[in-house]
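Visitor: Produce the entire structure from the sequences given, and follow the hints as far as they go.
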Amino acid sequence: MRAQDTSPSVKSIPAVNYQYVQYTAVIGVGSPATTYNLVIDTGSSNTFVGTGKPFVKTKTSVRTGQQVYVSYGSGYFGGDEYLDQVTLGAGLVLKNQSIGAATSFAQFPGVDGILGVGPTLLTQGTLYPGADLEIPTVVDTAYTQRLVPDRVLGVALAPTTSNNSVNGALTFGGVEQRYAAGITYVPVTKTLPSGYYWGLNVSSLDYGSTNLFKNDAGIVDTGTTLVYIADNFFAKYRAAIPGSAIDPITGLLEVPASQASTIQSLNFTIGGRAFTLSAGAQLIPQSEVAAYGGRNGHYYSYIGPMGSDSGAGFDFVLGQKFLERFYSVYDTTRNRVGLSDT
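Residues 6 to 347 (this note's numbering) make up the sequence shown, in order.
Accuracy of the hints is not assured; some may be wrong.
As a list, the in silico DSS-like pairs of lysine-lysine whose alpha-carbon atoms are at most 25 Å apart [claimed, not checked]:
1. LYS100 x LYS62
2. LYS100 x LYS58
3. LYS16 x LYS100
4. LYS241 x LYS219
5. LYS64 x LYS100
6. LYS195 x LYS219
By construction, these hints were calculated from the structure, which means they are not laboratory data.
Guide: If you want it as structure tokens, here you go:
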């Protein structure tokens, strides 16, 4: 009988677009496993469950005695840390992976928690009393347990055509070969606090012929829906679209119908290469307007203000609506981020 091949290999799991505004993955925790629907988040690094379906302890669940607490751009969770078996997919069964079992939380409607795949450093300060400890992420654990050959995560998202559809994938240990040749890599920025995240430098952001900024730092984040830029940059973007204004109901930039067909390209220059959001990639499709609280027949932009001016070292967030247009790579081993056309 031929021995089973247990050497590390690149492995992928599906990603599901949930309610047009998040991507989720179904993972199992424990043995027998309870399945949870978790938000895929490159902007945080703790994995936790229990905000929808409660955490179920099994024979593999070991409470560490540590409390865990994480706050997010919107919402938070607090609870107990466990080491447990986590099943990401076929051939991706992690032993003794740290997870949080939420006992208090806010702002996680319709999902069971978060799959945190940001840099490991972001976990520092999330445990009590072990505030100085770092928690290995699922990417770290998959590598150290020799399930995958590298500490790399590839993320493929795509503009959704229907609600709750499987239209993406997470690749652990490497990248999808169809994108490999076209990936532009840049080092994680040294500008803080962006450099604590999957942060990068954008050498220029241009809306048509209007320059919005040069040489600034921000982050790439699958857990954020929109594309946010610092308020002073956003003011230039809004001024370049005559008649546009923040809609008080949705908080989105509303574009007059007369201007919708004249929206110009938005070009992010990263690593010497232009990554372009076309007019269509900047506007919410009419079929999805209601999901954002908007009014049918009205036009809204995916580009929004961060809530503060530039200069703080964290001046943009390239969220889901940017990442649906490009393949992205998060390389822990080489401390870099990659982007490719799709």
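Visitor: State for each hint whether it applies.
Guide: How the hints compare with the structure:
no., hint, result
1, LYS100 x LYS62, "holds, 15 Å"
2, LYS100 x LYS58, "holds, 22 Å"
3, LYS16 x LYS100, "holds, 17 Å"
4, LYS241 x LYS219, "holds, 13 Å"
5, LYS64 x LYS100, "holds, 12 Å"
6, LYS195 x LYS219, "holds, 16 Å"
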